Structure formats: C-alpha cells, structure tokens
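Novice: The lines below spell out each chain.
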Amino acid sequence: MNESVSVALKSDLIGLFEKSNGELESGSGHFINFHREKALSDFNRLGIPNVKNENYRYTPLEQYFNGQYEMELSPNPSKVDIRSIFKCDVPELDTHVALVLNGFFAAGVQVNGLPEGVVVCSLGEASVKYPRLFETHYAKYADTSADGLVALNTLFAQDGFFVYIPKNVTIEKPIQIINLSHSFKNLRITRRNLIIAEENSTCNIVVCDHSLCNNGYLTNSLTEIHTGNNASLNFDRLQNENSRSTQINNLFIHQLENSRFSSNSISLHGGLIRNSFYVTLNGTGAEANLNGLFLCDDRQHVANFVLMDHASPLCTSNQLFKGILDEEATGAFNGKILVRKDAQKTQAYQKNNNILLSSTARMNTKPHLEIYADDVKCSHGATVGQLDKDALFYLRSRGIPEAEARHLLMYAFANEIVSRISIPVLKERIIDLVDKRLKGELSKCNDCNIHCG
Amino acid sequence: MLQIKDLHVSIDGKEILKGINLEVKAGEVHAIMGPNGSGKSTLAAALAGRDIFEITNGSVSFLSENLLEMSPEDRARKGLFLGFQYPVEIPGVSIVNFMKTAINEHRKFKGLDPISASDFLKLMREKKDLVGLTSSLTNRSVNEGFSGGEKKKNEIFQMAMLQPTLAILDETDSGLDIDALRIVAQGVNKLRRNDNATIVITHYQRLLEHIVPDFVHVLYKGKIVKSSGRELALELEEKGYDWIKEDNE
Chain Y
1 MNESVSVALK SDLIGLFEKS NGELESGSGH FINFHREKAL SDFNRLGIPN
51 VKNENYRYTP LEQYFNGQYE MELSPNPSKV DIRSIFKCDV PELDTHVALV
101 LNGFFAAGVQ VNGLPEGVVV CSLGEASVKY PRLFETHYAK YADTSADGLV
151 ALNTLFAQDG FFVYIPKNVT IEKPIQIINL SHSFKNLRIT RRNLIIAEEN
201 STCNIVVCDH SLCNNGYLTN SLTEIHTGNN ASLNFDRLQN ENSRSTQINN
251 LFIHQLENSR FSSNSISLHG GLIRNSFYVT LNGTGAEANL NGLFLCDDRQ
301 HVANFVLMDH ASPLCTSNQL FKGILDEEAT GAFNGKILVR KDAQKTQAYQ
351 KNNNILLSST ARMNTKPHLE IYADDVKCSH GATVGQLDKD ALFYLRSRGI
401 PEAEARHLLM YAFANEIVSR ISIPVLKERI IDLVDKRLKG ELSKCNDCNI
451 HCG
Chain U
1001 MLQIKDLHVS IDGKEILKGI NLEVKAGEVH AIMGPNGSGK STLAAALAGR
1051 DIFEITNGSV SFLSENLLEM SPEDRARKGL FLGFQYPVEI PGVSIVNFMK
1101 TAINEHRKFK GLDPISASDF LKLMREKKDL VGLTSSLTNR SVNEGFSGGE
1151 KKKNEIFQMA MLQPTLAILD ETDSGLDIDA LRIVAQGVNK LRRNDNATIV
1201 ITHYQRLLEH IVPDFVHVLY KGKIVKSSGR ELALELEEKG YDWIKEDNE
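Chains as they are written, first to last, in the numbering used here: chain Y, 1 to 453; chain U, 1001 to 1249.
I should point out that these hints are in silico values taken from the structure, not numbers from a laboratory.
One should not assume that every hint holds.
Claimed, not checked - Some, not all, of what chain Y presents toward chain U, calculated at C-beta under 8 Å: (1) E257; (2) E404; (3) F413; (4) E416.
To be verified - Here are the simulated distance ranges between beta carbons: (5) U:A1117 with Y:D94: 25 to 33 Å; (6) U:L1121 with Y:G440: 25 to 33 Å; (7) U:E1231 with Y:K439: 35 to 43 Å; (8) U:E1209 with Y:S419: 41 to 49 Å; (9) U:L1121 with Y:N186: 47 to 55 Å; (10) Y:D94 with U:E1144: 27 to 35 Å; (11) U:E1144 with Y:S379: 19 to 27 Å; (12) U:N1097 with Y:R420: 14 to 22 Å; (13) U:L1121 with Y:D143: 36 to 44 Å; (14) U:N1097 with Y:N318: 24 to 32 Å; (15) Y:H380 with U:V1212: 51 to 59 Å.
Nothing here was measured: the structure is a model prediction, and the numbers come from that model.
All C-beta atoms, glycine included, are put in the ideal place defined by N, C-alpha and C.
Use the sequences and the hints to build the structure in full.
Specialist: Encoded structure:
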C-alpha cells in the first residue's frame, strides 16, 4: 500500500467524521464527545496503521479499510426477532442477555433479575446517567495517542455496552452480550464498551460476535475494563462472523490490587480478526490470564496482539494462544511482556503454539520480553508445526482412519484452550462448535434461523 | 496367518532389513531376539505400516491378504496390533475417547453398530483389571505423564480391548521392573488363544520366562540368522550375543 493511498484513506475517514460529527455529538453524552477532539488530532497524525508499524507488521489492514461501507448514525429499528437470534448463540445458557445490533445497544431487551446496583445498559445512555463513572474510567485506559485504530474508535464512538458491578457484588449468572451485524448493505460499525468491576466484585461476561448476513462488515470495537481491588472478572468471547467481515477488537484492561482477570477468546470464523489486549497490572498481586484459540482456513487472517504491562510487584500473568491454520490462511501472534523496574516478584508466562495444515498457510509469531526488574520469573515459547506424525501413526495403528485421527489431534490441540472456559454449558457448546468447525461442518450462519444470506 | 518372504526394508536409503523370512501360524508365540540395532523394531514398525520405512523387496501376507498394500488402520482392523516400544503421549485425547473411537472403527469395519455406552464401560472395566490399570489413569490423556511401566500396561490394555489376531510386542519388557513385567506378561498370557498369535520382540530372556515362546529367532544385521525352540533363548542369556556375531561376520 503506497503512501498516497494511506493519506487518501485517512482524509476520507476524517471527511466522514466531519460530515457526521453533528449527528454523533447529538446522540452522545458529554464525556464521549469531549474526547473526540484529541482523537481527531491523534488520528490525523497516526492514520490507519500499516505494516511499517511494528505492531501491525503481519496484518496489512489498510486494504480492509478501503472497501465501500455505509455507516449508521442511529439505531436501526430492527425487525429481527430476538428469540430466534438466541438459537444462533448459546442455547440453554442461563444468562442475563443483552443485544448490541450494528454497534447500538438494542433497546427493549430487558436485562432482568440483576443484583441491586448492577447496571447493564447502553454506553450512550450510561454516559449521561453516570457522569462520575464516566469521568473516572472512560477513555482513561485506551490511549488514543498510541494507535490510530484506538483514536478512530474514540472519534466515532457513540454506543456499545456498559456494565457496572458495584463493590462487593457477586453476579451468579453470566452476563451475555450478543453483538450482531445485520443489514442489507456493507456496514462500517463502531462499538465502544466499558466494563467497571468495582472492589471485591465477581462476574462472568460472555461476548458473542455474529454476523447474520453475508454483507461485509468493518467493525472497530474497543472495550475498556477496570477491575478494582480483589475484583474477579471472567471474560469469554466467541467470534463467529462471515468471511467478508473485518473485526478489530481492542481490549484495554486496567487491574488494581489482587484483582483477577481471565479471558478466553475463541475465534471460530471471520475474514480478518485482530484482537489486541493491553493489560496493565497496576496493583500488587494482580493476576491476568489470557487464552486464545483461532481456527482459520480459506484466506482468513487472525492476529492476536498482547501487551502485558507488569507495572506493580507480585503480579502474575499467563498467556496461551493457539492456532490451527489451513489452506491459504494467515495468522499472527505478537506478544510482549513488559516488566517495569519496580515490578519485583513478577511471574509472567507466554506460550504460542500453532499448527499449519497446509503448505500454503502461514503463521508469524513474535514473542517478546522486556524486563527491567531483577527478581522475576518469566518465560515465553512459540512453535509453528504440523500435526505430530508419531501421534498420528499411533492412533492409526489402533484402527482409527487417518482423517479421524487428524481430527482427534486437532481437537485435542484446541481443547487445551476450550477446556479453560469456566461456564460448563458454554464450554459444551463451544466444544461442539469447534468440533464442527474442525470437521468443516460449520457454516457461518450455523443453526441460525434467519436465512438472510 | 503371517508369511514374510524375503522382506527388505530401508530408511532414508539405508537398508535395515535384508531379506526376512518368517511364518507365524495361529496359536503360536514367536520370540524375536537380537542385539541392539539388528532391525527388530524396524520389522515391527514396517509390519504395522509406518510410512517412514520403505519396503524395497519381498512380500508379507496376513490372513491370506497382501499386508503391504494396506493402510495402518486397515492392518489394525484386520487384526494386527503393535505394542509400541515407546508409546506416544497424546495430550488432550482421553484414553476413554481413544478406545471408544478405535473400537467403533473396528466394529464399523466388521459391519457392526457402535458399541453401547454400558457395554463399553463393562469392557473397559474388565480389561483394565486384567492389567491392573487404575481408573485414575484411564481418565487421563493417552500416556500423558505416565511412568514407563504404566505406558506398557496401557499397551497391553489396548491390546486386550481390541483383541487382535496377531500381536507384535516391541520390547514390551524394556523399562519394566519385575512386578510390572509379571503383570504385563500375565495379561498377554490371558489373551492367548488357539486362533491368535503373538510375536514378542525382546532383547533379554527374562520376559520369555513369563511368556513362553514356541519359537525363538535371532535377528542380526537385518537377517534372521538362527531359529530354534525356546532353549535358544536360554542359550543367548547364558552366552550373550557375541557368538552369534562371530558366527555371522
């Protein structure tokens, strides 16, 4: 991609912002609008990251931004039957369900039965209703000056989901957010989410991303998460979108003392998926566990990027990312552990294992440690290989046909991540989905009742 | 049951087996002995269908069919079983799932319906007890973190589950203490019938005290240089392999 295309892309996006700014502002609260000005100047400086940017070296994004997309500036009055959508996702999962359609929190879906004080609502609504929380947390962890996509998200931010769990509250049932993309044209979607888990709270959040149609979606999603002292947050994600979709997911996690954050990201399907995790362990004894599994074939691309910032002593972090790539799929893992000078007694581990099933699939992996403290335990390891031939022969020697033996091994490889999902029903469902995906039986709208594509 | 004629096998262009002739009939136990590097494990792996070995000459007939044309899974489903010298660890695949898949593939091959859950559990329990494998092991991933003895017991357990017509046990005794050796050997003996056969590959005589062979063959430099009754094993125990080497230089 040459320089002039980059400049044109940037000026198109800025033009789009200027054209829609009035509508963006009128639909958003003060704290969302307040950050646009700085986001604009940052984006103007940074643009869409290209492969010259070390963090995006293996993910040529610009070409994905170049398509023709419409943008919705207000919630689309949807005719989608909510109950039929639930069948698309995780049935029998007893959750507090919320729906986000094309980036807008769906009104009319009641999130009932939550413990007192817990809020699950639209981000736009929350920005007006809860100014104190917004002032403290919104755009405080996602730094627009460092990444063009973060700036772009902040520039166009309007809505998404907002979750607030007050001090000492434990939510038994998981909160499930279903992000749906559904339209009759190609769509540019901006989602901005904020999760605040206050001191001593406990919560499970499940986020499912689905595209209901075969149109192209360019989604720029950003989630800021704050966990207070001793808070515990489980954050599981299932990404299942069509091959024409491009998904940028930036996750900023800010953790205080002894808080625990665990995340399992299962990338089942999508044209391009980029998941970035920026974790700041900003209090003694905090723990972060990031697990990811991606399965891709055709010409899909899945990239996981991690910046694990150990800013305080006695913190622990674990990263395990695994990928299976077939056909002409490409993947990237770019993981950095940063241990700051005062972060003594840090334990930080990182592992990235990948299996290539074809000679044309490619995986780039770049583990990276930067350590300024002297009393730490850190390790990293990365592998890119094929299915274990000895194991394959062992299985076949017991009468299991080659195709089935390969499936068993791939499934076992994937299961190391899937088995970490803590909600049993969700785990069962994802096991089934991964199984089907590996057998090539999973279409993008599997089990969906809306045959819109 | 098994006829090997003038079998030549190479790996990476290097010839390991240089003309093996061997006939195994139903009800027989054959022991194949020989010094390290003589080609014992190559013979076992080539018979099981490991593709890194290239068959350059000769023929192998198993139950009157051309074994060498079959895939490893077809050989297994026809009734051939290889007990591995180094059983492979397969993290993430549970023994239960592994065995259920294998048994159902064998059944499918025979035109039978999949085994019922209760029949499978019953079979598991019965065969587990045969080799003294505990439930805490069978609930784990295949061989993952198993001790040497546990891995070998697991091989015999799988053999018991699959009830092969011809079992080839490749150095099943290596790495076993005397108690484990006895359990493994007892397991093999309990599975002996008039209509099946066993080839025991071993370096030492001691396994043959427990699994009594009908024939003993000595493999040296890729050829069977001596065949006799079980007394040959005792002779080898006493005199070592040097006299065989000297006779064949």
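Novice: Please list, smallest to largest, the hint numbers that this structure does not respect.
Specialist: Failing hints, ascending: 1, 7 and 13.
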